[in-house]
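Chains as they are written, first to last, in our numbering: chain A, 1 to 536; chain B, 537 to 970; chain C, 971 to 1238; chain D, 1239 to 1805.
A portion of the hints provided could be inaccurate.
Label-pair restraints from in silico Cβ distances [claimed, not checked]:
#, chain 1, residue 1, chain 2, residue 2, range
1, B, Glu723, D, Cys1619, 41 to 47 Å
2, D, Ala1705, A, Lys79, 30 to 36 Å
3, A, Pro382, B, Glu723, 47 to 53 Å
4, D, Thr1376, C, Ala1209, 48 to 54 Å
5, A, Glu213, B, Ala595, 32 to 38 Å
6, D, Val1798, B, Val848, 52 to 58 Å
7, B, Ser885, A, Lys79, 52 to 58 Å
8, A, Ser117, C, Pro1172, 40 to 46 Å
9, D, Glu1620, C, Ala1209, 37 to 43 Å
10, C, Phe999, D, Val1798, 53 to 59 Å
Footprint (simulated), chain D over chain A, 3 or more residues, beta carbon under 8 Å [said to hold, decoys possible]:
#, region
11, 407 to 419
12, 448 to 455
13, 494 to 503
Short derived list, chain A residues pointing at chain B, Cβ under 10 Å [to be verified]:
#, residue
14, Ala330
15, Leu331
16, His403
17, Gly468
18, Leu480
19, Trp487
20, Ala507
Calculated from the structure, these hints are not laboratory results. Just so you know, even glycine gets a beta-carbon here, dropped at the ideal spot from N, CA and C.
One-letter residues, chain by chain:
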Amino acid sequence: MNFPSIIQTQVLIIGGGVTGTALARDLALRGVDCILVEKDDINAGASGRNHGLLHSGARYAAGDRAAAMECRAEGAILKRMAAQTIQDTGGYFVAVQGDDERYIADFSSHCERSGISTRAVEVAAARALEPALSERAIAVFEVPDASIDPFRLSLENMAHARSLGARLMRRSRVVGFAREGRQIRAVRVRSGAEEVRIEAAQVVNAAGAWAREVALLAGAPFGMTYSKGTLLVTHTRLARRVVNRLRPPSNADIMMPGGTVSIVGTTSTRVDALDDMHPTAAEVDLIVEEAARMLPALATMRFIRAYAGVRPLVAAPGVADGRTVSRGYALFDHEDHGLDNFATITGGKLTTCRLMAERAADLVCRRLGVTRPCLTATMPLPVAAECEWTEPGRSPRMWMRSHGLEDTLLCECEMVSGSAVDAIYDALRSAGDTPTLTDIGLRSRVGKGACQGAFCAVRTVAHLYQRGDFQARRGIDEILDFFGERWRGQRAVLWGEQLAQAELMEALHCGVFGEELRGEESRAAPDADPAGEVSP
Amino acid sequence: MTGARRDSCDVAVIGAGMAGMATALFAAERGLSCIQVGNPGGILFASGLLDLFGVHPVAERRLWRSPYAAIAALAREQSDHPLARIDASSIRTAFEIFVAALGAAGLRYAPLGDRNRSVLTSIGTIKTTFGVPLSMVAGVDALEARPPCLLVDFRGLREFNARQIAESLGHRWPDLRHRRIEFPGTEAAPELYAAHLARALESRQTRERTIALVKPLLGDALAVGFPAVLGLARASEVHAAFEAGLEMPVFEIPTMPTSVPGLRLLGALETAVSARGVRRRHQASVRALAFDREAGTAALDVEGVPGVERVVARAVVLATGRFTGRGLTADRGQVRESILGIPVLQPASREAWHQRDFLDPSGHAVNRAGLAIDDAWRPLDADGKPVWPRLFAVGSILAHQDWMRSKCGSGLAISTAWAAMEQVARQLRGTGAG
Amino acid sequence: MKYALFLGCKIPSALPAYEASSRAVLAHFGVTLVDLEFNCCGYPARNFNRYAFAAAAARNLALAERAGLDILTPCMCCFGTLRHAIRFLGEDAELRSRVSEALAAEGYAWSGKTEVEHLLTVLARKIGVDSLAAAVRSPRTGLRVAAQYGCHALRPGNVTRFDNPMAPTMFETLIRAAGATPVDWPRRLDCCGDPLHQANTPLSGRMTRAKIADALESGAEVICTACPHCHLRFDAVQAGSSDASIRTLLYTQLLGLAMGLPADFLGL
Amino acid sequence: MSPALFQTALYASLALCSLGLVWRVSAWFRVRIGPDARTVALSQRVAALLRGGALALFSRRVFQLAGAVFLDLLLQRRLFANEKLRWLGHLLILTGFTLLLLMHALAAIVTAKLFQGYQPTLDPYLFLRNLSGAMVITGVGLLLFGRWRRQTGLPQARRPMDMAFVALLGFVLVSGFLLEAHKIASPRAFYRMSDQFIGSTDAGRLTPLRAVWASEFGVAFDDLKLPIDPRLLEQGRELHRSACASCHTKPVSAFVSYPMARVLAPVTDLLDTGRADAWLLYLHVFACFLGLAVLPFTLMFHLVAVPISLLVNAAAPNRDFSLAGRASRRALALDACVRCGICDLHCSVAPLARYLGNLGLLPAHKLQATAALAGGRLLGCEDVALRAADGAFLCTDCGRCTAHCPVGLDLEDLWEAGRGDLAAAGLPSPAQWVQAHPALAWAESLERGPAEHVDSGPDDLLAPLSADRRSFSRCVQCQTCTNVCPVVAHSMDSNHGIDLTPQKVMNLLRLGLRDLTLGSRMVWDCATCYQCQENCPAGVRVADIMCELRALGVRRLGAVRSLRESS
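Same shape as in the complex, but just chain A:
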C-alpha cells in the first residue's frame, strides 16, 4: 500500500469492528468524508469472535430491562435493514432439571415487561422439533432470536461506506496522536513499514477492547475491564433454532446454529492482557460439560474450532466478574479530558452495533455542524457480491449454480469455489490492497471447515499463483501464516476425531512437505559433509 504521508479527512474512525464499520456507513450516508483505520482486519476482534446471535432481548429481560428493550428494538431494525445477514431461526430457552425454578417461573413475565414475545412450548413438542434437546429438559419457551453473520454485516457496511467515498486502511495501527490544545491535529498511523499522518476534524475511537489503549495514546484515560469469552464450533449443525439455557446468564448457555455448524459458548473470564487471546483447554471443557446438560450430543460431538474474544466492558468500580458488568455501550465525548474532537464508542453488543454507530455519528455530526439525519434505521443495507461468502452453506449452492469448466472448488469442506476467491481477491485488490490468504479466509469459508486449511490452503495458493497474484516464495509463507491463524482456534479442541485431523495436517505439511523447515533446505545442500551432519 502506498499512502501519501499526510491524508486529510473529516472523520477518522479507529477500529474496523461491527461498530466502526457501521459508523463509517452511517457517516458516509450523511455525506461525511471518513477514513477507517484498522490495525488488523475487519472484525478481527470481538466483532468476529462471538456467537453471531441477534438477541431477542430475552437473555437480559430479567436482569437488565433497558438492554433487553434495546436488543428487541435493534433486532427488529436489523431484521429489516440487513436481512441478508440474518437467518430468522427463532430460539428456545430451555431449562433442565436442577435449574432455578423461580427464574423459570418469572421468565415470560420479565420478557413481557420488556415487550418480548415468548411462548411456552411443551417439552415433548420441542424435542420433536429439536431432537438434540436433553430429555432432562423441564421447560421450554420460544423467543424471536435469530442468527446474524457479523462478518457479512461489517463487510457490507464497509463496502457500502466505500461506495459512498469512505476509505479503509487495513493493517494500519494508530501509534500516536498529535494534540494541540483541545484538538487532535493528526493521528499517526503505522501501515506496514510506513507511517502516515491523518488529519481529521473529528476522531472516533471504536477500537472495541483496544479503545482504552487508543484513548490512552490520545491522553484520555478511562477505566475498562476485559472479559474473555470462549466459544466452540461443532463439526455438524446440531439444531435448527438458537438454544439458550433458561437461567441467569452463565457459562455455556447459548448454542447458535450458524448455517452448517453450531456455535456453543461462552465463558467469561476477567483478563488483563488483550493480545494473544487463546482459548484454553479448561474453558473448552467447561463449555462442553455445561452445554451438554442442555444438548447431550455435545458430549460426543466433533468440534473443529474454538475461539476467544474479549468483551470490552466499561468498568464499574469494584466489580470483578465481567458478566455482571453492564453489557450496555459507552459513548465518551472526552471533553472532560480536554478534547473537543475525540470520542470513544465501546462496549455494547453485536445486536446494538447500529444504534451505537448512530449515537457516535450524532455526536460527531453535531460537532461538525452536519445536520443530516441518520439513515441506517431506514435504508436497507445493499448486498455486495464480494461479501456474500462468509455465510455457511451458501457457497455450495452458489458453486452448484455456477460450476463449469472454469470454476472449481478450492475448499472441499465448505465447498468454496475459485470464483468466490476471485471475487474476494479482486475486490480487495481494486481497493489498492494486497490480499493475503488469511484475508480470504476471513471473507469466506476457506479454512473454516473440518480440515482447517490443510487441503484448501494449498489449492487456494496454487490458484492464486496460476492467476499470477502470488509470486516468488510467497505461497508457502501465506500457507504457514494461515495455519498459524487457524491453529489458534484448533489447539484447544484437539481430541477425538479433530485430533486425528490435526495430526494429518501436520503429517502432510511437516511430515511430507517439511514446511516448518523452509529456509533450511540450503543447509542440506549436496556439497555438505557426506559423513555426518549438514554443516550450517
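Chain A is fixed; fit chains B, C and D onto it per the hints.
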C-alpha cells in the same frame, strides 16, 4: 452353515499402515503365518518417498545428509527414541528387504545407499528423504545440477501448480520453467484427480497423446518434471515410455495426498503381503484382545460384518499407529491406547499437548506421547512389566519420537517392524515353532 | 457337499451356459445342487427401499435355511447382495424385526444360519485348487487369461469375505489350476460398467471399453468371468462395436474344457 | 318361444359377436406397444402376418403347427406343466363346453344330422348333456378352488368383466339344468305331450301312463293316488311303449337334472302355474345369446386369442419375429392373457411387490398397465401410473413369467416395450427422471414443495447412515474416495462431466445439505463398485450411503415430481 468364525496364526498384526504392512511382510518372509487386521490408513497419505531419519535435534531443525550418522547422534543424545535402539545394519537389512519386496510387486526404488536425498515437492519445498522411487530419481539429480528444466502441470489438477514450484525455487533455479497443458480427453472436467490421470496414462493412446503435447514445449530443457501421475499399476512402464518419448530424463514430483505414489505404495504392499499368504482383514478392527497365559495364545475378536471373528495367535504385534490410525485415542482428559488401554506416556494435561504456535520448533508434546517398551519391543504396563510376553508394538505408536518433525516416518515403521519381528521369531522359537 | 443353487435372475434367461457349465463342473466334484424357487436377491430394491431389499434377500436366506442348506451362487451380484443383507440385518435391530415380521407373514423365518458362497469360493476353498488341478485332463497351456474380479463379490471385503479386496489372488490361482496363464492387467479390479447400463448407458460403455482395451493391451486372449452381469456386459458392448474385441469365457467353461468335459455340457 | 324372436335375437347376437371379433382382432394390428412398434404401419403388420402364415403353412413348419395344435391347444401341455388342477379344470370346461355347444346348442345342425333318431330326451344324449354340463361346472369350480387355494396375500389381476362372464356362464348352465329338471317334473309338460301324441288330456284315460311317468320318469303329479297299483303300471307301460318310448328314456341318466327334478317336485305345480318352462327357456336362451354377443369383450375372447397366439409361436420358433410381427404379437398377447396369475406366482420380484406395497411389479398387473397405457387410460390416473412405472423398472428380466406362461406369451418382450412406452410418456426409470433436472433444481423444488411429505416410513429406517452425523464425522477430507471412483474417472473424457464427487456428496451431508445431493448425477451414476468404501481410511461407508440417497431420492423427489413436469 455360519458358526462363529475362527482362524488362527502365528502372528496377528493389528494395523495396516506402513508399520503394519512392514511387520506382516517381515513375518511372512520369516515363514510365520500371519493374519493382519486394519484399514488402508496411513499409507494413503504417504508420498512414496521413504524417509529414514532427517532432522535432529528437532528443536534445532538440523538436517542431516547421512541418516545413519544422524541415528548415531540420536543414540548418543536421546537413547529412548525407538530408532536409537536399532543398529545400523538391521536398519539397512530391513530397508533392503522392504524395497526389494516393493520392487517385486512392481514399485521400483533407486538403490538406497547411505545418504539422504533432496526432493522437490508440489508445494515448492525441498524435502529431505532416503528411499526414492525410480520415477522421482531424475528430479533428485536435476535439483542438484539445476539444468534448464521444464515443469508441466495439467489444468484441473488443483493441488499441483508448476508455476508455483518454479516461482518458489526461482531464486535458486532460474532455469526452471513451467507450462500448463490440457490432459488429453479431459476437456469437460473442471477438476481432475491424480489417480484418474495415472490410470488414464496406462493406456498407450493417452500416453502418446500426452507426450505429443509436451514435446513441443521442451525448448532447451534437459529434464522434465510432472506431477506424480505417471501410471499406477504400470508406473515403471509409463515412466519409461515418457523418457523414451521425450528423449530426456523425466521425473515425478510428489503431490498432495491422496497421491498416486501413496496409492502405488498401498497397492504394492497389499500385493506383497497377499502374495506371501498374509490373511488380510480389511475395514475391520480388533474389538477385544485377551491373553490365555496358560495356552500361551492371544485371542483377538475381530469386528467383522456381521458378528465377530475369533483369531487365535501365538504372538501379537500392535502397529495401530497414532490418532489418525486410531491406535491412540484421546478424549478431553487423556490419551489412551485403543485396544487394551495400555498406559500411554503423555503430558500431564491437555493444555500441554500442543504448543501455541503450530510451527513451534520443538514440536508438540502430544506427538511424542506413546507406548513405553522394553528391549524386546514389548509394551509395558503400569508396573513397567511387559503386558504379555508375546505382545509387541511397532511404528508410530511408540513413545519418545516425533516422526513428523524428525522425518523418520517410514524409517521408524520399517526398522521397528524388523527389530520387533526378530524378537517375535526368537520368542516363537522358544515355544517350539517359527 | 450340498448347496441350494441360487442362479439369480440373469443366468436362466440370458446365460444358460453358465448354469450348464456350473452344474457340469460341480457335479464332477461331487457337489449336489438343490433347486429351490428363490426370488430376486433384492439388488434392484436397494435403490428404492432398504427394508424391501433386506426382506427380499432374507426371504431367500430363509428358504435355504428351511431346506437346511447353504447357498451357492454363480452370480457375483447376488452373492454380494445377499452378503450385504446379512450385514444390514445384523447391525440394525429395527430393520431385522420388520423383516422378520414380513417373513413370518408368509410363514418363513431366518435365524441367521444360512451361509452364502460364490461358485469361486466353493471351488477355491471348499473343493480346493489341488483337487481342481488334479481333475484337469487337457490343461489350457499358454492361454493368456485376464481374470475379471467382479466388484460385488470383491468389495467391501469385510462384507463379502471373498478375497483380499485390494490384492486378490483367488481367481488367478483358479486360472492356473486350469493350466492357463493369468495376465496381470491394471484394470482387473475395476467395475465392468454393468450396474450403470440402464442409468447411464454411455458411461457404462466407457467403463466396459476401458477394461476391454486394457485387457488387450496387457496381452490377454480371453477375459475370464464368474458373473453373468460382467460376462454379458463384455459381450454386449463388443457385439455392437468395431473396436478390437476379446473373447469372454466363463470360469466354469475354462475349467470344464481343461477337465475335458464335452463342449456342449458347458454351453459352448 | 316365438321363432321370430329367437331368430332375431340369435342373429343380433351373432352380429354383435362378429363385429366385436372384428374389432378385437383388428386391435392386433392397430395397438402399438413399444417405441419401436410406432414405426410400423398397419399394412406392414398385416403383411407380416400373411407372410408369416404362408411361410408356416407351406413349409415344414406345418408339422410343428400341427404338433402345437395337438399338444399346446388340445392337450394344453404348458398348463399341465404348471398346475395340474387348473389343467384338469380347464380341460373339463373346454370339453364340456364344446360338447354342449355342438351337441346341444347346435343339435339341429350337428347332432341331428350325425345321429339318426336323435332326440335330446334319449340316452345317451340325455346323459351326455348332463355330463357335459357337469364337466363345465366342475371345471369352473376347480378353477375357482385353485384360485382360492393359492392365496398369496397379493390380490390377483382381474377385470370385473371376467367374473361377470363366469357368472353368466354359471347362469346358462344352471338355467339349463333347471329347465330340464322342470321339464322332467312338470305335469303340464306331460299333458301337453300326451295331448300331442296320444290325443287326450283326460286324466282318467291317462291314469296308467301317469302312474308310469310318475314312478319312473319323475313327473310330479299332485293328484296321484299312492301307492300305485302294479297293474296300473303294467297298463301304463303298454301305453308308454306305444306313444312315448321312441322319444324318451328314463331320466335317471340325467344325473344332474333328475335329482333336481325330485327336489323341485313339491313346487312343480306352482312352477307350472307360473309357466316356468317358458321363462326358464327364455332365460337360458337369452343368457346364451348375451354371452355370445359380449364374448369378444370378455375373458372368453381368449378362446380366439390363445389358439392364435400358440399357433403364431409355433409358426415362428426361437421367437424369430420381424419388427412388424413383434408389434402384432404384443397386441395379441394383451388378449391372449387369461389373467391366470401363474406368472405372478413365479415372478422373482413378487416378494418385493409385497414389501414395497406396489402391485405394479407383478407381471399380470403389469400387463394390465401396459394395456391401459396402450389404450391411453393409464396416464389419466397419476398415482397408478407412477406405481406402474416404479414396478416396471424393478423387473429384473429374469424371464420366469415367460417360461411359465401357460399360453406361451413372450412377456419379456412386452416388458421391454412397456418400459419404452413408459419412458416416452414421461415415466422413465428413476435414474432417468431424476437426472432430467440438475441437483440444485431438485433441491429448490423440495424447498418449494410441501414441508412434510406423505412418507411410507421415517428417513432413518430408509437412510440411517446418511441421517447420522457419526457416519461421516471421521472423514479427514483426503479425497481417496474420489481418487478411486471409476465414475468420476470416466466422466472426464467426454461431455458427461459429473456434478459432484463422492467426497463432495459426503461433505454436503455433513453440512446438513442432504437435499442438494438427492438429485445429483454422482448419486445416480454411482456404480456401487465399493472402491470408495473399501479404500476409505476413516471407514466411511460411502457406497452404502449412495444407495441410501437413491432410495431417499426416489421417495422425496418423487413426492415433488409431477408427470407434466417430467415429460
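> What hints, given by number in increasing order, does this structure fail?
Replying inline: Violated hints: 3, 7, 8, 14 and 15; rest satisfied.
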